Structure formats: C-alpha cells, structure tokens
Amino acid sequence: MELEHSTSQIPGPEQSSGEMDLSRRRFMQAAAAAGGGLVLSFSVPWAVGRVAATGAEDFAPNAFIRIGSDGQIVLVMPYVEMGQGTYTSIPMLIAEELEVDLEQVRLEHAPPDAKLYGNPLLGGLQATGGSTAIRAAWKPMREAGATARTMLVAAAAMRWNVDPSTCHAERGAVLHPPTRRRVDYGRLATEAAHMPVPENVTLKRPEDFRLIGTPAKRLDTPAKVDGTAIYGIDARPRGVKIATLAQSPVFGGRVKSVDDAAARAVKGVRQIVRLDDAVAVVADHMGAARKGLDALIIEWDDGPHAKLNTDDIITELEKATLASGPVAQNIGDCDKALASAASRIQATYQVPFLAHATMEPMNCTVHVREEGCEIWVGTQVIGRAQEAAAKTTGLPADQVVVHNHLLGGGFGRRLEIDGIVRAVQIAEQVEGPVKVVWTREEDIQHDMYRPYFFDRLSAGLDAQGMPVAWSHRFAGSSIIARFLPVAFNNGLDPDSTEGAINLVYALPNLHVEYLRVEPAGIPTAFWRSVGPSHNVFVTESFIDELAAAARQDPVAYRRALLDKSPRARAVLELAAKTAGWGKPLPERVGRGVSLQSVFGTYMAQVAEVAVSKDGAVRVRRVVCAVDCGTVVNPDTVDAQVQGAIVFGITAALYDQITLKKGRVQQGNFDTYQMLRMNEAPDIEVHIVQSSEPPGGMGEPGTSAIIPAVANAVFAATGIRLRQLPINPDALKRATYSGGITNSKSEGNL
Amino acid sequence: MAFTIKINGSEHSIDADGDTPLLWVLRDILEMTGTKFGCGMGLCGACTVHVDGIATRSCITSIDSIAGAEITTIEAIGATATGAGIQKAWLDREVVQCGYCQSGQIMSAAALLASNPHPTDSDIDEAMSGNICRCGTYGRVRAAIKQAAQSK
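Sequences listed follow chains G and E, in order.
The opening residue of the first sequence carries number 4 in this note's numbering; numbering runs sequentially from there.
The opening residue of the second sequence carries number -17 in this note's numbering; numbering runs sequentially from there.
So here's chain G without its partners, still in its complex pose:
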C-alpha cells in the first residue's frame, strides 16, 4: 500500500515534504513487499480538485476518475473507509463501467468539496453514514465510469479513423477487433481529454457485469495486516508533539483551577494548555502526556448539570410519552379499532444511552499557523471538519487543509466534529503540530451517545389473536434536528422514526407518534443502525408479544401478516428454514426471530440463545437471511452482517451509559464491555438473489439481532425483556415451564 503525500504544486502551509518523502518511500517499499500490485494512494486532499496542475496530459472527465498519460488510473473516493468495505465496492462500480480491473486502480481520499462529493441521500452533505454509500453511488459512480470509457473509446476511434461502435473497451484498453488494434488508456489520456463529454451514457446490463456481484478482495486489506495502514492516529507531521486531555467530567462544566506543578515536572512534558472546559498536557510522547495528566490537580465547576442522574432523564422521557405528539404515520382509525378489539396488550420499552467505542480512540492532529491550519484526522465529514476548523481559528475555509485517513471504526462517532474543534483549540496555543489523543476513558466519557428512548405501545387483537390496532408513541432525542435541520420537519425526522413506521406487516389500523425530547446534560449522536437500533428492538419485540398473547408461533404469526410484502416473507421463510425453526432445543435454550425492512434492505434473523442458571445469556448461533437488492460485493455483505450482529449482541447483553451527578459512570472496556471471541456466536448469512436497486448493508444487521436475542430469551425462559441491556438478575428468577404462553415480564409493564 502506497501512501502518496504532498504531490500538489499548490503552495500550502505545510512544508514538511522531506519527512513525507520518507513516508512515501517506506510505504512504496511496503507495497512492493506485499506483492499485491495494487496500491492505495493517499494524496494531500487539496491536490485532487486541481490536479490538472500535476499533469496537463491527464484525463479527468469527472471528479472521480483521473487517468495519467503514464497509465495510472486514480479513483477518488467520495465516501470514507471505516471498515464497511466502501473502498472496494465504490471502485467496483466505477471499474465495472470504466472496464478496468481492480488491480489497475489506485485510490485517493476525496478532498472537502460538497459540490463534487456531496451525498445525495444526506441532503448533499459530504458525509459517509446511514448505510447510504452504495445506495447513493449506485448510479452516479457507474455513470462516471461509463462517461470516461465512452470518451476513451471515442478518442481511440478518432485516432484510428474508425466508427466508435466497432471498438470496445476491456481491462484498461480500447480494442478494434476488425483490425486487431489495441491501445492502453494511458496512451489515450491526452486525446480523451479533448473529446466531448457525452450527455447520456448507456450503462451495462446486469447480465454483462464482470465485477458487480462477484466477491472481490478488499483493496485495503494488505496494508492492514502488516502494520503499514495509516489511520488518523498514525499521522506524524515533522516535529509533532503528543497531547492528551481532561475535559469537564460533567457536560457543561468548566475549569475552576489547575495546579500543574507536578505535571510540569514530568520528564517529556512540554506544556499545559488550559481551556475553559478542558486541560491538555502536551509532551514528547503519550506516555509522558498521560503521566502529566495524572499529575494534574484540576478543580472543576460542574455547572448546571452537577446533580443530573440517568433516572431524571428517564422520568422526563416517560412523562413526555403521556401526552400526544407529532404523528409519524397513521393508517385507519387506531382508537376505534382498539376500543372494539377482542383483547388489548400494552407495554413500555426503554433503550439506554450507548457509546460508540471505536477501537481507534478519538484523535486529531493539528498545526495552526498564521497563514493556515492543517489537520490530519479520520473523519466521516471532511467538509464539516474544514468548516469547524475555519470557524475556530477565524481563518477562511480555503486556508484550512484537511488530510483524511482510514478510520479505525466510525459507527457515527466520526460524523461529529467535536474532537476536531477541541484539537484546534489546543493547537492554537501550541507552537508546531500537535496530535491530541484521547484516553479510552475520555473517549467513553465524552462521547456523543445513542439517545435514550422511552416507548409506549398498545395493540388490539381480534378473536383469532391477529392485530387489528397498533399504537406506538415514543420520546427521545432527534439527531437529525441538530445534525441536518433541513430534514427535521413538523417535529419529525426520517431517522428517529425509521423502523417504527412503514412496517412490513399489514396492519389495518396503525398510529405512531414521536416526541422530540432533548435531555440536557448529555450530548447525543448517530450510532450504528441509528433510528432502527431502537425502533426495531421495540416493534419486533412487541409483535412477538402479540404472537405469544395469541398463543401462536412467532414465525407463523409474522408470516400471516406478510401477504403484501413478498420480499419480507422470503427472507423470513429462508431464515426460519435454515435455522431449523421449530426443531426441539434443550432446556433454557431458545430461538428468537426478527424481521425488518430498513436502510432499503430486507432482513430476517433467527438467534439461538442459552440462558444459564445465573441468568447469563449466551448467543450460540445466528442465521440471517438478507435481501439487499443487487449485491455489489457479496463478501462484504457477509462481513457486514457478521460484524453488525456482534455489534448488536454487545449492546443487547452488556452496554449502557449512565450518569451519576452528571458524570458518565463507565470508562474503559472493563465497565463498557465488548463481546469477545469466546462469546461470539456462529453466524450464517444467506443472501437472496435480487435485481432490485442496492440497499444499505452497514447497519441492518445490528438492529435485527437485538430483538432476535430478546425474543430468544423469552422463548428460553418465558421472561419478556423490555429494557436493555439484558439484566441477568431478572433471568435468574426464571423457571422455564416451556411453551410460548408463559409471559412473565421483566421491567415496567
């Protein structure tokens, strides 16, 4: 893997080319040693948009493709790589139509430029999130490739003086079979650049796809197995100092006083930076910075949230659900149907605040100078990073250079720019570049969290036990209202309600209300599977409750409601069949099912769990059936489902962020646990062949597994879990009596 820094001829604020050249050589050697023949190139982002300056003979028909006269094919990635495989699947889309092999391309991170690289599914914001990349890129990236290919073919046809329709492109070359002529793209670059850009291009028929739909090797893997991959935390501009920090332990608090005498005495500590609400220790290395941090004596003014406990927030949310709110979806007349139903069921559900806990802790490297600001970071929102640094420093945006990097996990955390602002504030007081690295405790305790939600549901069943009314009201934070206000309308947004509305089931009377409540004293943000991470747990647990009340099998009950949703029915049946649904299981072992259509993808999961006598839940096996429309890289679909399931089980079994006296009580992986190898289930993924447009795949696996596990615990113990994470104490009491009719409940029905 090659790291190609600083190829720009644009005078920038950074003049550390000597060191960069060393890095470049090191990584070229690494790439050669890896023997992959395929290299990733990471240019200075601001070089890309004006890259014509680097070679007048380059062919750059659009912002995504650049073919040099030396034959080098560079693809510029509008979406960032954080593990989800987008640096393989986006190149597949372009390469399919450009008619090149993946082995022939190099990749570059896109620079900040929302006009060129904005995400049409996120309001034009240059952002990677919400499982949107493939959905957003599906047509434009193929068109970009087809446009370039059309121009290259036209250039060859003109050179040979033949009809373009007698030529075709193949593996980076144009061929003219009648005369057996062939010319590589590189040798056509100059001429292709002068061809008219076609207004319309014809895309390949799916049956002609060479790459799309075939498992592809990830382009970023070789560098990730030999230590050469560079994440934001690995950036090392010459002379960089390392800083770590303590932010006010209570959100909204301030620094009252700092005694830094002992910290300054630590060998390697260079400077103490004091901000209004944080203190940073700048040192030669992180070891000294941390030792210095431990030696600081900081007195805090805890501010207005000094007495805040999680229970206060829960009470606030619960109260909010007692009044009606904006209607997210209404079908029929729910009240009337409830009144005349043969039986009624009510329940409340709650899901906790959650931290992201990316394996790469928050970090950002910044060099602030009078003439400009340079930033090295891994971010899902490079444009916002640039704007935030400009605002913080008072510099114009074009004097802020942001180098994007591979992300050591995103999950929504790196959609936020708080860490970038913080690093810029510190760097403003430091001579030379400074890398601000958060400790894990700081990362967990100053995250922006998946919101807490409180849900209230009621359903009416007919004499046969089938639902005739479904009413759902819930309260919690709206991330969209803060993050993308233009998408928050009439008190509603498409994320908070996804998975609660447009259910796959045919429900004749349905009423869903969402109340935006923003608890003070704890910031919230997108978290893997966003709205559905909450809603699918609630709706798929509740439908399971209805099946139990009706004394019906959970799969059969769902299937009876799917006459108008063949894709949902197909994944449900496939998952149930391959999981061996209905086959006998030992005592205290149960199967649970979930079904959803979110992120444009249909998915069903069957989880098999064992509940020990002391209440511990072990997920033994998960079977997932997925219809995500046209599949780009099947291997990535499989990997994303597996990973999302582990992520979801972690949340279901272990995690919650709680506040006591305004302070987050969890701090590291001892108090905010992750599922580990010895606890991970066997996971089978079955992909349904489909020619529908692609759906999102980064997140659906997480929302689907959580109710599947809770429903399996019910099947194993008869205990209905309405609150996460799963509380083993509640399961200790369970004495399994078998069957689905036993509906003791845990929590607050």
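In case anyone wonders, no lab produced these hints; they're calculated from the structure.
On a predicted model such as this, the values are computed, not experimentally measured, just so you know.
From the three backbone atoms N, C-alpha and C, an ideal C-beta is built for every residue, glycine too.
Wrong hints could be hidden among the right ones.
[Unchecked claim] Here are some, though not all, of the chain E residues that point toward chain G, as calculated from beta-carbon distances under 8 Å:
id: 1; residue: M(-17)
id: 2; residue: F(-15)
id: 3; residue: G0
id: 4; residue: T2
id: 5; residue: P3
id: 6; residue: C26
id: 7; residue: V33
id: 8; residue: W72
id: 9; residue: V78
id: 10; residue: C80
id: 11; residue: G81
id: 12; residue: Q84
id: 13; residue: I88
id: 14; residue: M110
id: 15; residue: S111
[Said to hold, decoys possible] Straight-line alpha carbon distances no greater than 27 Å define the calculated DSSO-like cross-link-like pairs of lysine-lysine that follow:
id: 16; chain 1: G; residue 1: K220; chain 2: G; residue 2: K142
id: 17; chain 1: G; residue 1: K259; chain 2: G; residue 2: K310
id: 18; chain 1: G; residue 1: K339; chain 2: G; residue 2: K322
id: 19; chain 1: G; residue 1: K118; chain 2: G; residue 2: K142
id: 20; chain 1: G; residue 1: K270; chain 2: E; residue 2: K(-12)
id: 21; chain 1: G; residue 1: K259; chain 2: G; residue 2: K664
id: 22; chain 1: G; residue 1: K339; chain 2: G; residue 2: K567
id: 23; chain 1: G; residue 1: K220; chain 2: E; residue 2: K(-12)
id: 24; chain 1: G; residue 1: K259; chain 2: G; residue 2: K394
id: 25; chain 1: G; residue 1: K220; chain 2: E; residue 2: K128
id: 26; chain 1: G; residue 1: K616; chain 2: G; residue 2: K735
id: 27; chain 1: E; residue 1: K70; chain 2: G; residue 2: K220
Fit chain E to the supplied structure of chain G, relying on the hints for placement.
Chain E in isolation, oriented as in the chain G frame:
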C-alpha cells in the same frame, strides 16, 4: 536515564522514564505506528507485541521491565514463517474490516500458533479473547487461524 531495548532485531537507546509503556516508545519515539493504542489498561489487545515470543500488551509493559528481551512487532512478524502464514490466512479469509485491532489480533494469533501449532477452538478462545474487535470479525479470525494451522 536511557534504556536499551531490542526491537525487531535492532537495539535502540531510549531516553524516557523507566515506567514509560513500550507502546508509546514504539509509536511516538520510534515512529513504528503499526502497534495500536486501544485502552491503555491491557483490556483490548490492540497493542499486542511479542516479548521473547510471548504475546504481551505493550500499553502496560514498562520499558524498564524488558531489558535484554527480544521484542517483535507487527512490522516484522511477516519475517517469521508463522507470522507470514497468519498474514496470508488473514488475506485469504478477508478477515479485516476497519483493521485497527488487526495488528494485535495477528500478533496474538502468531504467538498462539508458534507455541501451539494445532489449537482447538477452546485454545483459540483462550488466546484470542483478550483482543477486542469492534467490527466483529471474530468468525473470520477463527477461520483464518485454523487455515494457518492447517497449512503449517
């Protein structure tokens, strides 16, 4: 005082406090960034290196405790037959997602296979459960270890 430590066959003189964790010497002083920081408490395994062949969390290993020891990092593990086999299996099985924890996963796996060429599932659990992967690549990590063991 200065400490001499031996990393990937080369000796380095390090001028830092004796209680400085090896992780920061590698990353911030020697500029070997392949070894990653995850937790600082030996809880996640991202910082795993070999100390005389034993998988060791470098974030809680002070430099004054490793005098005379042979330290091996991800940058050099491919030079051993076991390490190269693990890396190949990782590529064949497409283990990696974000990749941040994978240096540590590979170092733990390489130490396991070096001492136990044909591990059982429970051997793998025991050796690998100290390495957290937030992307959830555990299934493929297990498959890759088995593949590497088979081809030994």
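Status of the hints after comparison with the structure:
| no. | hint | verdict |
| --- | --- | --- |
| 1 | M(-17) | violated, 10 Å |
| 2 | F(-15) | violated, 12 Å |
| 3 | G0 | violated, 10 Å |
| 4 | T2 | holds, 4 Å |
| 5 | P3 | holds, 5 Å |
| 6 | C26 | holds, 5 Å |
| 7 | V33 | violated, 17 Å |
| 8 | W72 | holds, 5 Å |
| 9 | V78 | holds, 5 Å |
| 10 | C80 | holds, 3 Å |
| 11 | G81 | holds, 3 Å |
| 12 | Q84 | holds, 5 Å |
| 13 | I88 | holds, 6 Å |
| 14 | M110 | holds, 4 Å |
| 15 | S111 | holds, 4 Å |
| 16 | K220/G / K142/G | holds, 22 Å |
| 17 | K259/G / K310/G | holds, 18 Å |
| 18 | K339/G / K322/G | holds, 25 Å |
| 19 | K118/G / K142/G | holds, 17 Å |
| 20 | K270/G / K(-12)/E | holds, 22 Å |
| 21 | K259/G / K664/G | holds, 18 Å |
| 22 | K339/G / K567/G | holds, 24 Å |
| 23 | K220/G / K(-12)/E | violated, 36 Å |
| 24 | K259/G / K394/G | holds, 26 Å |
| 25 | K220/G / K128/E | holds, 20 Å |
| 26 | K616/G / K735/G | holds, 6 Å |
| 27 | K70/E / K220/G | holds, 13 Å |
Comparing the model with each numbered hint stated earlier shows that hints 1, 2, 3, 7 and 23 do not hold.
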